[in-house]
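A.B. asks: Chain A is already provided as a structure; the job is to place chains B and C on it using the hints.
First to last, the sequence lines map onto chains A, B and C. Under my numbering, think of the first position of the first sequence as 1, with each following residue one higher. Under my numbering, think of the first position of the second sequence as 298, with each following residue one higher. Under my numbering, think of the first position of the third sequence as 556, with each following residue one higher.
To be clear, the hints were calculated from the coordinates, so they are not data collected in a lab. Just so you know, these numbers come straight off a predicted model, no measurement behind them. Virtual Cβ for every residue (Gly too), placed ideally from N, Cα, C. Certain hints may be false.
Partial chain B-side listing against chain C, Cβ under 7 Å, derived [to be verified]:
| id | residue |
| --- | --- |
| 1 | 379 |
| 2 | 394 |
| 3 | 400 |
| 4 | 404 |
| 5 | 448 |
| 6 | 494 |
| 7 | 498 |
| 8 | 500 |
Lysine-lysine pairs mimicking DSBU-like chemistry, simulated, CA-CA at most 30 Å apart [as the list claims (entries may be wrong)]:
| id | chain 1 | residue 1 | chain 2 | residue 2 |
| --- | --- | --- | --- | --- |
| 9 | C | 612 | B | 425 |
| 10 | C | 701 | B | 445 |
| 11 | B | 433 | C | 701 |
| 12 | C | 890 | B | 433 |
| 13 | B | 395 | C | 885 |
| 14 | B | 413 | B | 425 |
| 15 | C | 890 | B | 413 |
| 16 | B | 445 | C | 895 |
| 17 | B | 425 | C | 890 |
| 18 | B | 413 | C | 885 |
According to the in silico footprint, chain C covers these stretches of chain B (three or more CB under 8 Å from chain C) [to be verified]:
| id | region |
| --- | --- |
| 19 | 384-393 |
| 20 | 425-438 |
What follows is the residue order along each chain.
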Amino acid sequence: MIETLISGITYSSLLSLMALGITLLYRTTKVPNFAHASFVVFGIYTSYTLALLGYNPYLGTLLGFIVSGIIALILFYALLEPLRRRKSSIFILMMATLTYDILMFGIINIYADYLQTTFKIPARNVYLAPQDFTLIGLKGVTIVSTSLLIVLLMLLYILLNRTIIGAALRAVMENPSLAQANGINVSLMLALSWFLAGGLAGVAGALLPMYMMTDPSTGMLLIAPMFCASILGGLEQIYGAPLGGFILGLATTVLVSWLSGVIGYWIMTYSLMVPYITLIVTLIFIPRGVVSIILKR
Amino acid sequence: MKSIEKEIHLKTIGITKRFGGLVAVNHVNINVMRKSITLLIGPNGCGKTTLVNTITGIYEPDEGEVYFEGKNITGLPPDRIYREGLVRTFQIPSPFTKLSVLDNLLVAARDHPGEKFRTHLFRRSWIKTEEELINKAFEYLKILGLDKYWDREASELDAGGLKLLEIGRALMSDARMIILDEPIAGVNPRLAHNIFSHIVELRNKLGITFMIIEHRLDIALRYSDYVYAMNRGEIISSGTPDEIIRDEKVRSVYLGEV
Amino acid sequence: MFDVIILFITDLLAFFGIYLMLNTALNIERGYAGIPNFGLLFSYAGGAYITGHLTAKIAILLTGAKVEADPITQPVSALMVLNPILASNPLISITLLIIILLIGASFGALLGLIQLGPAIRLREDYLAITLLALGEVMNYIAIAYKPFINGSLGVQVPDVFSWIGSRYRFYLATGIILLIAFILYIYAEFLGRTPLGRAMKAIRENEIAAVSLGKSLTRYRAIAMIIGSAFTGVAGSLWTLYSGAITPTLQRFDWTFLPWLMIFLGGIGNNLGVALGTFIFVLINRLIIFNKHLLAGVLPFDIVWFDYISLGLIMGLILIYRPQGILPEKPYIPKNIRRKIVVSRSQE
Chain A
1 MIETLISGIT
11 YSSLLSLMAL
21 GITLLYRTTK
31 VPNFAHASFV
41 VFGIYTSYTL
51 ALLGYNPYLG
61 TLLGFIVSGI
71 IALILFYALL
81 EPLRRRKSSI
91 FILMMATLTY
101 DILMFGIINI
111 YADYLQTTFK
121 IPARNVYLAP
131 QDFTLIGLKG
141 VTIVSTSLLI
151 VLLMLLYILL
161 NRTIIGAALR
171 AVMENPSLAQ
181 ANGINVSLML
191 ALSWFLAGGL
201 AGVAGALLPM
211 YMMTDPSTGM
221 LLIAPMFCAS
231 ILGGLEQIYG
241 APLGGFILGL
251 ATTVLVSWLS
261 GVIGYWIMTY
271 SLMVPYITLI
281 VTLIFIPRGV
291 VSIILKR
Chain B
298 MKSIEKEIHL
308 KTIGITKRFG
318 GLVAVNHVNI
328 NVMRKSITLL
338 IGPNGCGKTT
348 LVNTITGIYE
358 PDEGEVYFEG
368 KNITGLPPDR
378 IYREGLVRTF
388 QIPSPFTKLS
398 VLDNLLVAAR
408 DHPGEKFRTH
418 LFRRSWIKTE
428 EELINKAFEY
438 LKILGLDKYW
448 DREASELDAG
458 GLKLLEIGRA
468 LMSDARMIIL
478 DEPIAGVNPR
488 LAHNIFSHIV
498 ELRNKLGITF
508 MIIEHRLDIA
518 LRYSDYVYAM
528 NRGEIISSGT
538 PDEIIRDEKV
548 RSVYLGEV
Chain C
556 MFDVIILFIT
566 DLLAFFGIYL
576 MLNTALNIER
586 GYAGIPNFGL
596 LFSYAGGAYI
606 TGHLTAKIAI
616 LLTGAKVEAD
626 PITQPVSALM
636 VLNPILASNP
646 LISITLLIII
656 LLIGASFGAL
666 LGLIQLGPAI
676 RLREDYLAIT
686 LLALGEVMNY
696 IAIAYKPFIN
706 GSLGVQVPDV
716 FSWIGSRYRF
726 YLATGIILLI
736 AFILYIYAEF
746 LGRTPLGRAM
756 KAIRENEIAA
766 VSLGKSLTRY
776 RAIAMIIGSA
786 FTGVAGSLWT
796 LYSGAITPTL
806 QRFDWTFLPW
816 LMIFLGGIGN
826 NLGVALGTFI
836 FVLINRLIIF
846 NKHLLAGVLP
856 FDIVWFDYIS
866 LGLIMGLILI
876 YRPQGILPEK
886 PYIPKNIRRK
896 IVVSRSQE
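Chain A extracted, bound-state conformation (with noise of 0.2 Å):
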């Protein structure tokens, strides 16, 4: 039981910096990121290539941030900052993020047929924990996501609350076209949230193999448990997010493991679900999310 625990802990940091992206991406540029489970998957690419190459795995938590955020920079000026400038609806930027995450699966999925064909192994199954360290009889994965985890909350709560360009971050969210008027450079700042976004998503992926087993469609797979996460938590709050992750990471491990003990094992098959109908649920009972109920108390 506490192994499932710590297990739960470990998904939901990850899940939890992962929906903290797409929160902060919604609030800034009003989208929300179909590409994420792309920049998850960079990250695990990053650490998977590190380790291939006899570098410790954990490295690709600072090298996945800069890959995936520069992913993610390039998603923002490729196709979202012209289609800005055109003043495209909102639908057509979702459709955009939806067209880069495919653009993106195809070459991740390149990526791992050349190394495939390269180092001949199976680059499909990116599995790291075996090499994982253990510290006090803990995991090293479950010590490295939930420190990284508070850490870079506080370093983003510093960044957005404690310097200007956190300011003026904080400005475009609030009013783009007032920050605008203001002087401060909105486009500038929009990327700057997604290479942040973009980052974070990485680290996480970068952390993932090492919790379980990857692959390139891991993205896909994650992509409703990250917004339902993020939409959990509530999209207008950026620290709504890792409430929502675990709520929903504790929920689809712990939960799940009690139940199949309840009820029945069965269940277990039908755990992958449990993301799908939390996030249907919550759209239609509390669409802004748990954050929204603790403020109006």
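C.D. replies: Chains B and C alone, transformed into the frame defined by chain A:
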């Protein structure tokens, strides 16, 4: 005056609408008499449009009640309020951009059998209604001077044209009361006078009640029967156009600014 | 050589027909009513899987055949009994086809109703997320719930086209797909010209103005979603019947993203544009797949990934440079009405 003309058509009691900490509309009581042309004036951001949005179901009021023809319509959704016979236009024109000008008017028609799922397959069941509605739409388009653009996409109209299209749609709805949000903003003075004389004519002929938000008092005042003046979410004065013009409070907050 | 060309054309037309149904459905949902249905897969897979589940069962009922084997878990032995009977009996085959298509349509419509819950309440962006998420659910159900279509193994279905002779089986199947696609297309075009279609478009253009002019968002979105999902369900049914088997592997890329790409390419809101976009896309796509073997040794990776990249790039270019498509939507005015108006205006 006949007694029926004294009847109250629209009544609000203590309507209040807040956004966060901001009180946009504060305990507003207004009475719009049947077959009147009632003007609602006030400086920008004083809550006029919010009041109209709250009356017509776009927002739900935080407090207060709205009665239309004696029936409580507080909090009903906009399409239900339309069904009751109260229709409004928008300050920022909201055309159906990719539909033709004619179609824009036809959409507003009431109880079209061709819009029902059960009957839409049988063209014969609705084509006669459609033709009648087209004739009716053309009458309004002529009045508004839009008839020569009837087959254009609404997006091709200029700002003034879009304003007129808004009015056309409202007229097309067979409403018993129409709320016009700045109908002549951006319209040239000659056409503006023309529109107001048509409003008076429609009121006289069809008995439609009009409530009009307007800034251009030089034109609007002379066509209206009664005026409410708003400032900072509250009604500060009301009366006939002559009384309003002489009112000190109104002069200081509103006329002084013009 | 001639056989190869015929095979290519049959395959091309079958894909064109299936995609035309999907894209017409999407055009009603998005092109008319403005619903961003990123969950097309939900009702499509639903139609395909329910057909996999029920065809053999209904065939047993219709033919009265004694089948010992369970048609879901032991399809081969069940089909050994059923297929010969269907092959020698056109009437039963056609009845079975019609029943299955009706079931596909109703099940699709039912799934449309489920999608409707969110579609009525939510804003466009939240709605897109929900529908996208829902789209993935059908595969999980099919994999988790074994009795549906035998889990990830999938099922084979009885052949309702073989009565014409195995040589012409695919031609018949393709012909029927095209016929149904054509009927649905004509209906969609008709719908766009009715006041009902006009009300849907008004909602798409401006929700608040439409609702203030008495158009209930719920009602018209519901109608569009149910019609669209019924179409999608039929397309799914036909796909299973055409392929003769189905596994729970229908992908979002093939059955949601590509339809979106095609309607963007052709012109959202314009049925002719949608048909044109579908044809151009399917033609190019099939040509590539047909000649895939030429590239097989040349590239160091599977050509299918190249498909994702090239299509992603094309979609990006369309979004930026021509989001209205090849044939943009135009206001529709019936000819007789235009004539009448022109005559009456010239008399004044």
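A.B. asks: Indicate, hint by hint, whether the structure satisfies it.
C.D. replies: Now the hints, each set against the structure:
no. : hint           : result
1   : 379            : holds, 4 Å
2   : 394            : holds, 6 Å
3   : 400            : holds, 6 Å
4   : 404            : holds, 4 Å
5   : 448            : holds, 6 Å
6   : 494            : violated, 22 Å
7   : 498            : violated, 20 Å
8   : 500            : violated, 21 Å
9   : C:612 to B:425 : violated, 48 Å
10  : C:701 to B:445 : violated, 64 Å
11  : B:433 to C:701 : violated, 61 Å
12  : C:890 to B:433 : holds, 19 Å
13  : B:395 to C:885 : holds, 7 Å
14  : B:413 to B:425 : holds, 15 Å
15  : C:890 to B:413 : holds, 23 Å
16  : B:445 to C:895 : holds, 14 Å
17  : B:425 to C:890 : holds, 16 Å
18  : B:413 to C:885 : holds, 23 Å
19  : 384-393        : holds (count 6)
20  : 425-438        : holds (count 4)
Consistency with the previously given hints fails for numbers 6, 7, 8, 9, 10 and 11, ordered from lowest to highest.
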